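Student: So the chains spell out like this:
Number of protein chains: 2
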Amino acid sequence: MDIVGKSEVLYKKEDLISYECDGYTMYKGMPRAVVFVKDTQQVSDVVKCLNKEEIPYIARGAGTGLSGGATPLGGEVLISLVKMKRMLHLDLENRKAVVEPGYINLKLTQSISDKGYYYAPDPSSQYACTIGGNVAENSGGAHCLKYGVTTNHILGLEIVLPSGEIVEIGEEGVPDRPGYDLLGLLTGSEGTLGIVTKVTVKVLKNPEGKKTVLAYYDDIDDASQAVSDIIAAGIIPAALEMMDEVAIEGVESAAYPVGHPRDIAAFLLIEVDGIAAGIDDQIEEILTVCKQNNVREVKVAKDETERGLWWANRKMGFGAMGAISPDYLVQDGVIPRTRLPEVLAKITQISRKYDLRIANIFHAGDGNLHPLILFDASVPGESERASKAGSECLKVCAEVGGSITGEHGVGIEKSAEMRFIFTDEEIAAQTNIRDVFNPEDLLNPGKLFPQPGRCVEVTRADHEEIHLVP
Amino acid sequence: MDIVGKSEVLYKKEDLISYECDGYTMYKGMPRAVVFVKDTQQVSDVVKCLNKEEIPYIARGAGTGLSGGATPLGGEVLISLVKMKRMLHLDLENRKAVVEPGYINLKLTQSISDKGYYYAPDPSSQYACTIGGNVAENSGGAHCLKYGVTTNHILGLEIVLPSGEIVEIGEEGVPDRPGYDLLGLLTGSEGTLGIVTKVTVKVLKNPEGKKTVLAYYDDIDDASQAVSDIIAAGIIPAALEMMDEVAIEGVESAAYPVGHPRDIAAFLLIEVDGIAAGIDDQIEEILTVCKQNNVREVKVAKDETERGLWWANRKMGFGAMGAISPDYLVQDGVIPRTRLPEVLAKITQISRKYDLRIANIFHAGDGNLHPLILFDASVPGESERASKAGSECLKVCAEVGGSITGEHGVGIEKSAEMRFIFTDEEIAAQTNIRDVFNPEDLLNPGKLFPQPGRCVEVTRADHEEIHLVP
Chain A
1 MDIVGKSEVL
11 YKKEDLISYE
21 CDGYTMYKGM
31 PRAVVFVKDT
41 QQVSDVVKCL
51 NKEEIPYIAR
61 GAGTGLSGGA
71 TPLGGEVLIS
81 LVKMKRMLHL
91 DLENRKAVVE
101 PGYINLKLTQ
111 SISDKGYYYA
121 PDPSSQYACT
131 IGGNVAENSG
141 GAHCLKYGVT
151 TNHILGLEIV
161 LPSGEIVEIG
171 EEGVPDRPGY
181 DLLGLLTGSE
191 GTLGIVTKVT
201 VKVLKNPEGK
211 KTVLAYYDDI
221 DDASQAVSDI
231 IAAGIIPAAL
241 EMMDEVAIEG
251 VESAAYPVGH
261 PRDIAAFLLI
271 EVDGIAAGID
281 DQIEEILTVC
291 KQNNVREVKV
301 AKDETERGLW
311 WANRKMGFGA
321 MGAISPDYLV
331 QDGVIPRTRL
341 PEVLAKITQI
351 SRKYDLRIAN
361 IFHAGDGNLH
371 PLILFDASVP
381 GESERASKAG
391 SECLKVCAEV
401 GGSITGEHGV
411 GIEKSAEMRF
421 IFTDEEIAAQ
431 TNIRDVFNPE
441 DLLNPGKLFP
451 QPGRCVEVTR
461 ADHEEIHLVP
Chain B
1 MDIVGKSEVL
11 YKKEDLISYE
21 CDGYTMYKGM
31 PRAVVFVKDT
41 QQVSDVVKCL
51 NKEEIPYIAR
61 GAGTGLSGGA
71 TPLGGEVLIS
81 LVKMKRMLHL
91 DLENRKAVVE
101 PGYINLKLTQ
111 SISDKGYYYA
121 PDPSSQYACT
131 IGGNVAENSG
141 GAHCLKYGVT
151 TNHILGLEIV
161 LPSGEIVEIG
171 EEGVPDRPGY
181 DLLGLLTGSE
191 GTLGIVTKVT
201 VKVLKNPEGK
211 KTVLAYYDDI
221 DDASQAVSDI
231 IAAGIIPAAL
241 EMMDEVAIEG
251 VESAAYPVGH
261 PRDIAAFLLI
271 EVDGIAAGID
281 DQIEEILTVC
291 KQNNVREVKV
301 AKDETERGLW
311 WANRKMGFGA
321 MGAISPDYLV
331 QDGVIPRTRL
341 PEVLAKITQI
351 SRKYDLRIAN
361 IFHAGDGNLH
371 PLILFDASVP
381 GESERASKAG
391 SECLKVCAEV
401 GGSITGEHGV
411 GIEKSAEMRF
421 IFTDEEIAAQ
431 TNIRDVFNPE
441 DLLNPGKLFP
451 QPGRCVEVTR
461 ADHEEIHLVP
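Chains as they are written, first to last, in my numbering: chain A, 1 to 470; chain B, 1 to 470.
Please keep in mind that the hints were generated in silico from the structure rather than gathered at the bench.
Just so we're clear, the structure is a prediction, and the values are computed from it rather than from any experiment.
Glycine included, C-beta positions come from ideal geometry on N, C-alpha and C.
One should not assume that every hint holds.
Unchecked claim - Below 27 Å or equal to it, Euclidean Cα-Cα: the simulated BS3-like pairs (lysine-lysine) are: (1) K146(A) / K211(B); (2) K115(A) / K146(B); (3) K395(B) / K202(A); (4) K299(A) / K211(A); (5) K83(A) / K48(A); (6) K202(A) / K146(B); (7) K210(B) / K205(A); (8) K205(B) / K210(A); (9) K115(B) / K146(A); (10) K85(B) / K6(B); (11) K202(B) / K202(A); (12) K302(B) / K210(B).
What the hints assert, rightly or not - Away from chain B, derived, C-beta distances all over 10 Å, residues of chain A: (13) K210; (14) K211; (15) T288.
Stated by the list, open to error - Chain B side only, calculated, beta carbon under 7 Å to chain A, not exhaustive: (16) Q110; (17) V167; (18) D181; (19) I404; (20) Q430.
With the rest of the complex left out, here is chain A:
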């Protein structure tokens, strides 16, 4: 408290309740305290103080994470970065901006759009999530098919290491930095290697033009084939999204209904951007491919308003599940694009096996699936069934040569599933690196990796307190 002042520390139970979890609500845990820091030096001082007392701690941004990365498992102190929310420097000529970690993702684009620039990574939570959190999770978004995920847009970081030391990594936009790629290593390390205190990001020039297509399909395999054919034609759309029947039922019951037909099997939302002259040709080609794959109806957004509504409807996707189910669990697998039909069929089998509806909303273009498993936590046993169904979906992804997370991170949720894709040696190669940065394991312990030698099965939160099974 001497470091940040009494007003910047929460420690009463009633104040701490909203910090029991992040956007992944299946597990909850009570933090020891929440500390709001306002600059890098304070982060360093707080970390040094916690080290001395051997108290574990976690950095937290907006708490929109979907895998429990910022959820306390064993009474950690949360270091909240939301008050470090300034833009420190904007250099449009060299296409970069320097922001504090609590700076909100969407605010960056909003603050430079009048000058013709934007920040590319656009997670659906971008109105709330922070750039620091995006770095920790290496967040993606609908447009990462063409523009890449967060790691492709980070030029430099300032980090407070678990020792309390402050280091700068990267900084300038050079195509190949000498030495090891620490910038890549830190990005997506889920808050286990250091605390980000400053971020230099790339900003991009707005594309000259942009057009958006909506295609309705009676058969989901036709939609999947259209996805493959569009990519095979050499087009790289800015976004190529798919939603299935159950997902459509959700978004049409939520805040931004578009009037999608309720009896289709799936729709594709396809956006093309770039040099104005090239766009019309690409749109023509996309329309042709859609028609060749038995599309029921296909249309181009007639203006910016219609385009905006289609995207608002899509970005409501996860939240909209609340309109058709008391609870839902979002999964995040990745598969080779060509295996889409086969994997979707297996997800349908999983849905039947566990007697739970599964909605599919996904970044089809890069094979990043989001099966949303609908359940009712008040029905005994349903939460467990949902969790098992989710894990089985990830197993299917791993079995076709994919991965257990596309953009939401491992956190608590998928730490056991890391074994689907990594051998013991491969996990050891990673935890050895963690030990270099974080030798006492006080920073965000128990996350990201399966815990050898001890059982970290945290029992499901009863919305009151956490039970740690040692």
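Chain A is fixed; fit chain B onto it per the hints.
Tutor: This is chain B only, laid out in the frame that chain A set:
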């Protein structure tokens, strides 16, 4: 010898001479032996055997590296990967290929171009350099402005660790792998963390169209301004190269003269690719920008033959210096694009100070400079002056917020210059990671990082033997 057979080991002095250095010829050292391996298991067995005997070793590809990464400093055994040169798997539908490390870069594009695909990273040595070497150095090329360097094109690696263990990293083309980004960490680690034995790379669809512009300038500042203005206009050319007067003298005296005027200050070589419909508009815009910046003459390649000649002339760049100077030293700095005129002026000052001609060939679009310092090693003191001038060029790059290497790596050449951009703590953060993978420091010792506590100033090679100053 029991592992690979007697015919696969070189150990006589006359056989070892051509392995004394790689493409960086300022330092040379005699290896203890050269071992040619033919598969992953052999690499693992050789590494285990060398570990047992505590003999240091280095992996070597084609030996085209430009910073001495594969040069023995202290009697290391060279493990040559040139016989592991097969393509193991090609999956065009999912846009990837799996190759052995000794597979030659250009061969990949040649083997898939008839099907409409190519491999993007194109170092000027691509006719000889290997994909494994490209991974070690994170190689770039003329087209990395638009397409990124090697790390942006690697999907997976198989690695033999210094322990002899074989691990797989990555493998599928997923946008965000869980856990730490080991793929990024290994790529560009200059052979100090492990030996690459298999590489999964992305292949890209050929662009629909491609056009190339050549612009001659009387004033190099006008050319620099044109570079900035093209990028500022929102165009991302596939390549945006610059060559100055001395460099032009070189390439016009070498194998592929184009007939560039000898009295210009610089030319720009600009290539645009993508969807056919968009290209003409971009070319129009580029021509306008060139003219606004006082171009003397600007033209578009009239056909594929002319375009090919322009590129052959450009790619001869480094080698062409041999036509106008007995020796040359190529440097590899990176600067923010907007600082070009100021840095070029400083390089001219360095040229005067050391009384050595400096040619400039560079990837202007991404601020990656290649000052070529011309000297005559037979003149006493000139090598030392060239080396100092090179170091001073890098210092200028570091001072304007740039970096000491864009794509050639640190190796022996720039290990001391790492201090221009990294603090002791930042270097320690990196060497701590090396120690995790390479705890005995038997794999490629003495490279990449400044050597604390001991002097690694290797005296300049006298073309006979190496003197290690301990």
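Student: Please list, smallest to largest, the hint numbers that this structure does not respect.
Tutor: 16
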